[in-house]
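8 protein chains.
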Amino acid sequence: MPKVLLVLGSNSDLPLFGDALKLWPALGIEVQVEISSAHRSPQRTLELATGAPGQGIEVIIAGAGGAAHLAGVIAAHTILPVIGVPINVPPFNGFDSLLAMAQMPKGVPVATLAAGEFGATNSAILSAQILALKYPQIQGKLTRLKEIMEQNVAFKIDAVLAGLG
Amino acid sequence: MPKVLLVLGSNSDLPLFGDALKLWPALGIEVQVEISSAHRSPQRTLELATGAPGQGIEVIIAGAGGAAHLAGVIAAHTILPVIGVPINVPPFNGFDSLLAMAQMPKGVPVATLAAGEFGATNSAILSAQILALKYPQIQGKLTRLKEIMEQNVAFKIDAVLAGLG
Amino acid sequence: MPKVLLVLGSNSDLPLFGDALKLWPALGIEVQVEISSAHRSPQRTLELATGAPGQGIEVIIAGAGGAAHLAGVIAAHTILPVIGVPINVPPFNGFDSLLAMAQMPKGVPVATLAAGEFGATNSAILSAQILALKYPQIQGKLTRLKEIMEQNVAFKIDAVLAGLG
Amino acid sequence: MPKVLLVLGSNSDLPLFGDALKLWPALGIEVQVEISSAHRSPQRTLELATGAPGQGIEVIIAGAGGAAHLAGVIAAHTILPVIGVPINVPPFNGFDSLLAMAQMPKGVPVATLAAGEFGATNSAILSAQILALKYPQIQGKLTRLKEIMEQNVAFKIDAVLAGLG
Amino acid sequence: MPKVLLVLGSNSDLPLFGDALKLWPALGIEVQVEISSAHRSPQRTLELATGAPGQGIEVIIAGAGGAAHLAGVIAAHTILPVIGVPINVPPFNGFDSLLAMAQMPKGVPVATLAAGEFGATNSAILSAQILALKYPQIQGKLTRLKEIMEQNVAFKIDAVLAGLG
Amino acid sequence: MPKVLLVLGSNSDLPLFGDALKLWPALGIEVQVEISSAHRSPQRTLELATGAPGQGIEVIIAGAGGAAHLAGVIAAHTILPVIGVPINVPPFNGFDSLLAMAQMPKGVPVATLAAGEFGATNSAILSAQILALKYPQIQGKLTRLKEIMEQNVAFKIDAVLAGLG
Amino acid sequence: MPKVLLVLGSNSDLPLFGDALKLWPALGIEVQVEISSAHRSPQRTLELATGAPGQGIEVIIAGAGGAAHLAGVIAAHTILPVIGVPINVPPFNGFDSLLAMAQMPKGVPVATLAAGEFGATNSAILSAQILALKYPQIQGKLTRLKEIMEQNVAFKIDAVLAGLG
Amino acid sequence: MPKVLLVLGSNSDLPLFGDALKLWPALGIEVQVEISSAHRSPQRTLELATGAPGQGIEVIIAGAGGAAHLAGVIAAHTILPVIGVPINVPPFNGFDSLLAMAQMPKGVPVATLAAGEFGATNSAILSAQILALKYPQIQGKLTRLKEIMEQNVAFKIDAVLAGLG
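Sequences listed follow chains A, B, C, D, E, F, G and H, in order. Using numbering that gives the first Met the number 0, the first residue of the first sequence is number 0, and each one after it goes up by one. Using numbering that gives the first Met the number 0, the first residue of the second sequence is number 0, and each one after it goes up by one. Using numbering that gives the first Met the number 0, the first residue of the third sequence is number 0, and each one after it goes up by one. Using numbering that gives the first Met the number 0, the first residue of the fourth sequence is number 0, and each one after it goes up by one. Using numbering that gives the first Met the number 0, the first residue of the fifth sequence is number 0, and each one after it goes up by one. Using numbering that gives the first Met the number 0, the first residue of the sixth sequence is number 0, and each one after it goes up by one. Using numbering that gives the first Met the number 0, the first residue of the seventh sequence is number 0, and each one after it goes up by one. Using numbering that gives the first Met the number 0, the first residue of the eighth sequence is number 0, and each one after it goes up by one.
Calculated directly from the structure, the hints in this document are not laboratory data. Positions of the beta carbon are idealized from the N, C-alpha and C atoms, including for glycine. Each hint should be verified, as a subset may be incorrect.
Stated by the list, open to error - Simulated DEER-style distance windows between Cβ atoms: (1) P89(C) x E46(B): 29 to 39 Å; (2) M0(G) x Q54(H): 39 to 49 Å; (3) P14(F) x G50(A): 34 to 44 Å.
Stated by the list, open to error - List time: in silico DSS-like cross-link candidates among lysine-lysine, alpha-carbon distance up to 27 Å: (4) K21(C) x K2(D); (5) K155(A) x K145(A); (6) K21(H) x K133(H); (7) K21(G) x K133(H); (8) K2(G) x K133(H); (9) K2(H) x K145(G); (10) K133(F) x K2(F).
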């Protein structure tokens, strides 16, 4: 089963990824969750980034708030695609994090998503879209997800999970 | 050879992707360029999105300015990963485009990069990172790119191309 | 009776249009409400846009939050006037939506109103002002509305409805 | 021939409306241009607003920069639809004007367009969309405009004018 | 006793001026409060502006939120100094109002204060500073206020009122 | 002749006040210009603030860019009305200065004007409006200025000066 | 024991520095807390700045909200390093304070930290890093702090204090 | 002679530090300049951070643009004080860099200065203020600098250097 790594700067960011953590298995993807900070545990973060391929990880998702460097620091140490989710913490509600993630310099991209829960949930889907190129069994799931969304308009995680079977 | 599609809202956005258009072949990736607007040529945009898989395209990059809907509209019509590049046009220099691309709702992610040339160039690298999962020959190129960057610090396209061979 | 279409990206946006939904009938206008997302139900959105004239609809109002593409996508598929209402959802409270709606490219305008309840309520009045050009009976209602506002200064929906009779 | 009024806060804003001033006649609409300031010539502005219906004007477009009150002040004195175009003057390039136009209070909407040339050009198209409800001959022009844009993707005024005939 | 006029766009803005309404009499200034909207009751607003000198009013304070035109519209119709207080209403908390008030064009200034309660309270003090030039008895009060603030550091209205005697 | 003090943080800000420096004498007001920085020459700034009344100065205008503290620092040391003009220096073009001037705490107001030339020119007019309360001869000038503006719409300094006589 | 001075614009800002006030003694640093406002008690602020060296103070920390001039005003009167903490007060949540602190002119730097609690807590650590250059006993504490953070990832004050012993 | 390390993300940022590079020797401080990117040469950056103490470096200054992580990444790997200078590169002119530097999480501060040349020049002065605590000979230089600034108001590098002798 293809595998992604979700790195969060803090335990308190985990609830934001509630829907995502249900989506990954429903899309046939294994997720490994680690708490690590680019600044407070730089060594651990570096080891997560460089050790990922050896653990069969193919996509890394990093969620962080404030001066959100986590995704960029990981991207500096890997050639795996890195997805960044700006966390909407006070006082600027993720506006600073969005800029600190998206505006990466030439050579080291971070695939930045929406600040907050929208981006957190979408990180599961974007990683699935990426993995579906290599793992065709995910394609059917994503096509089914599009049908569920077209029918329900809203994205309700229960309806999505039920639809994905 | 793996293939990506670059869709731009306007011909005038093409120079911004100058480095990217050199990087794709150097990384062993074919790129197809199309000019289409989410708003002025919606039918053409829709056909590009839905027709992409049939043409062997595996990643779509969309660059647009202002109320930059192009990437989101394409993402609504495909399960391929979609990368968005906010174009830094006046009067807000891509600040509006960054928000209009990144803040996508649950269910339909756009992998948003930096506004302007940084994001344009990085769209080649991010698409290569995504394709490298499936096409191992690209992995060596990306590892080589990291070495070149570590040695040169700066990202000079000529040095990069020379290094990639 | 002239008719407008209100398209919302989500059921949860409906309360914001509470006053508007009372104003339309009071101004002699029929309103049809549909929930559709530019990204999750693009096909449905497209059909709403292209099918509007056939249903006697003359003005379309679209309310959406985040990377609010709904109004722009509808405007791409119709020559009817399209009014956009940025919805003030977290984390950026409609600031992103305002830019994603207003900054439309040449050729496809969206008549953008205030983020949040002010814009939602005003969408009823702007659509009435547009329809009043063709349906003179609405002109008297709008003139009466101006008098009520001049007298009450505040815009209290009950006073407005009572005054419009 | 249906008629619109374009009010600009300053003569220096006129070039921004270069394409718009060609589009109006091409779409079969007469345009009357007036220079008036909400603050420097409030009496003249008030007379333009209240006198518009008597001159056969059916839509008013107001372009202004900085604390752009012009559209709002006009809207306070008329029941005609008022379109606002934020002018991108330094030092904030129309960011202030966009907020000062869009964020109108309940009861008095301004149909706000993009800051700068995009909005200026689109003011001609939005006014035509509004007038087309009453004047069916404009509908064919707008449908033709959509076809021209679909074919050219870009919005080049010469191609548009040639296409409109 | 010198006299100022406080015009608010809405009754709901009055509590924000709670401290100010206590400060004016304590500083020996009479305040007349009126509710009027630049957009909903433009005629009443105009009459307040033009009628002010006849009522012995020497400074006008205008508080408004959103696209806050009230101060600018009043300033257009009077040569009295006009003080603007941006009201911190959702969704942008007065950020739009600050820009809509401060960025006035050449010829018609608005003396803009801080968004929210700070600005509201300070409008009493700024108007007193202006009037003190003509009414020397206010100078002693303002000098006393500076001493109270120097002693208390904080600005607690009860301490201030007690100190002013 | 009534007298105002213009304090600028830097000699290079002087050209921005070109029109203002012509307006003051035309309005019958004497202006004293001083260059002083809140941070680099705090002692001199303090002396200018506290010494102003002794020199017959009745209004102080402070222009500064970046973290523009000049007006606030002066206001802390005087009971004279202080007008702040945010200077539009790079990289943020006065956006930082506007916030640093307007958002003053309770007790010490700064009458903030528009960033850049608009605010600079208006500082002459606002100071005249303030002084006109005490010096009736200025009232006629200001009334004349309103008439000139109503006639010319634009604010051209030559026309204004000619009109003021 | 080395000594720092914490100056806050208001008593109500003190809780934000709760963790910092525990960190200073744990890092072997004495902290003196003073409440003083740049604007309301300028004399007291000036005396705190100029008197600091005489009291053995080697670093000054200033926390303030809104148009946060406190750190800049202190920096103007001392050659000690000055650390600024933007306080996240409504309505702009410290966004104005961040700009008003960071954007200091040439010659007078303020070492600006994050708006809100992050910056408040970090002011203790930055001051310790500065003092550790001169007082080697602090170096061990800071090295220990880095180890604690690497182990805990999160920054929990209790774990930090326990670890520092 | 005390020594600081200046790390820049790119050679092209060097001219911005022109004045700073003259100030350091004039203040009796040795400066070592290195070009290294947090993202393109992460290994080199890490070695610069960890190797600094061994080279006698006591303060590190990092200048970077866009998603400016350089200062934060260095701060994660050292207990030396780290000063961050946001570089004003397009399209957002350092606004993104300011947020990406200042908003650091608890535990790892970056002493952030103004975006652009002001911050670059001030990094020399702030580092001197820090070093002056330990190296009293710098104190006289800084006191002299304050006198020069008080006399000249403006900060002209030639006058400053001449004054420092």
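Cross-check of the supplied hints:
1. P89(C) x E46(B): 29 to 39 Å: Holds - the Cβ-Cβ distance for P89(C) and E46(B), about 36 Å, lies within 29 to 39 Å.
2. M0(G) x Q54(H): 39 to 49 Å: 30 Å, violated
3. P14(F) x G50(A): 34 to 44 Å: 60 Å, violated
4. K21(C) x K2(D): Violated. K21(C) to K2(D) sits at ~32 Å, over the 27 Å cutoff.
5. K155(A) x K145(A): The hint holds at about 13 Å.
6. K21(H) x K133(H): 22 Å, holds
7. K21(G) x K133(H): Within the cut-off at roughly 25 Å; holds.
8. K2(G) x K133(H): 14 Å, holds
9. K2(H) x K145(G): Holds. K2(H) to K145(G) sits at ~23 Å (cutoff 27 Å).
10. K133(F) x K2(F): 12 Å, holds
Of the numbered hints given earlier, the model fails hints 2, 3, 4; all others are met.
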